[in-house]
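Visitor: Same order as they appear, the protein sequences are chains Y and C. The numbers in the working numbering rise by one with no breaks, and the one at position 110 of the first sequence is 111. The numbers in the working numbering rise by one with no breaks, and the one at position 73 of the second sequence is 74.
If you are wondering where the hints come from, they were derived from the structure by calculation, not from laboratory data. Yeah, the Cβ is synthetic: ideal placement off N, Cα and C, and Gly gets one too. Misleading hints may appear alongside valid ones.
PhoX-like cross-link-like pairs, simulated, lysine-lysine; straight-line CA separation at most 20 Å [as the list claims (entries may be wrong)]:
id : chain 1 : residue 1 : chain 2 : residue 2
1  : Y       : K56       : C       : K139
2  : C       : K91       : Y       : K110
3  : Y       : K26       : C       : K91
4  : C       : K124      : C       : K139
Ranges between beta-carbon positions, derived for each pair [to be verified]:
id : chain 1 : residue 1 : chain 2 : residue 2 : range
5  : C       : V107      : Y       : S102      : 17 to 25 Å
6  : Y       : K56       : C       : V118      : 39 to 47 Å
7  : Y       : W53       : C       : L25       : 25 to 33 Å
8  : C       : V118      : Y       : N97       : 51 to 59 Å
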Amino acid sequence: MLINEFLLLGAALFCIGVYGVIARKNAVLVLMSIELILNSVNINLLAFDRLWSEKVPVVGAASPHLDGGVFALYIIAVAAAEVGVGLAMVLLIFRNRKTISLDDLSEMKG
Amino acid sequence: MLLASSVQVAQNVGFGIIAAVMVLSAFNVVRTQNVVHAALSLVAVMAGAAAQYLLLNAEFVAVTQVLVYIGAVMVLFLFGVMLTRAKLGKDVDLNNKGGTAIGIPVALLLLGVLSYVLIKDFKGDKLKVSGKADASVKTNELLSDKIFSSYALPFWALSFVLLAAVIGAIVLARKD
Chain Y
2 MLINEFLLLG AALFCIGVYG VIARKNAVLV LMSIELILNS VNINLLAFDR
52 LWSEKVPVVG AASPHLDGGV FALYIIAVAA AEVGVGLAMV LLIFRNRKTI
102 SLDDLSEMKG
Chain C
2 MLLASSVQVA QNVGFGIIAA VMVLSAFNVV RTQNVVHAAL SLVAVMAGAA
52 AQYLLLNAEF VAVTQVLVYI GAVMVLFLFG VMLTRAKLGK DVDLNNKGGT
102 AIGIPVALLL LGVLSYVLIK DFKGDKLKVS GKADASVKTN ELLSDKIFSS
152 YALPFWALSF VLLAAVIGAI VLARKD
């Protein structure tokens, strides 16, 4: 298989996620689009990890083999933390203003 | 010149089907008028990503993806949908007014630039994916060795990030 198949899949998901972040008004849906972006990055990391591990032989913990997997695990953990805090903020906004439409949160616009 | 054994027909067909499902579901996430449908389409994208990780011989990451994303994050999302009293049916007020007019050109431009760079730079690079574990490489053993040796400090820092996120989420969401 070509590595480009995975990389282009990641690029397509990334662009769809960027479109979602721009076009959506509902805060929960914007968070979902951010999850799409993070997943596309994970696909890229694991594809590059596979490419690299085929070029370099596996010799113990010092080889670059599976570095991409470690990064992907960190991204998954950070994404989980981000969703937790993000949804808590969305709930707080909803409780105070009865809406989660991002267009209505414009007090900081000068 | 392509040899039949180097093309890997089965892997390519499997990849293509899963990739098509993922892209269509991703479109549904950003285009649907129903918040719950968006969440369920996101499950399809995550499950497809887990399958691609398996194809790339990253079993542990695939299982973590299923547990954390499909298990935990999606439940959080559905709780978020329910607690913000979103309409469970069709809701026409989910998109920005000028969002489509700005979003589609930006996304297409980004896709064009990314595709150009990727195709130009990685045209000949091939992966020998098998989709099944290579017995000579103990993937999970190596991954745990890495996390607890050379990546121990980031792992430690990450646990503080998660702790801070949990405490922050409780502080933000509690009622008083």
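Visitor: Hints first: check each against the structure and report whether it holds.
Guide: Verification of the hints:
1. Y:K56 / C:K139: 17 Å, holds
2. C:K91 / Y:K110: 31 Å, violated
3. Y:K26 / C:K91: Holds: K26 of chain Y and K91 of chain C sit about 15 Å apart, inside 20 Å.
4. C:K124 / C:K139: Violated, at about 30 Å.
5. C:V107 / Y:S102: 17 to 25 Å: 21 Å Cβ-Cβ, so the 17 to 25 Å window holds.
6. Y:K56 / C:V118: 39 to 47 Å: 20 Å, violated
7. Y:W53 / C:L25: 25 to 33 Å: Since W53 of chain Y and L25 of chain C have Cβ atoms about 30 Å apart, the given range 25 to 33 Å holds.
8. C:V118 / Y:N97: 51 to 59 Å: 44 Å, violated
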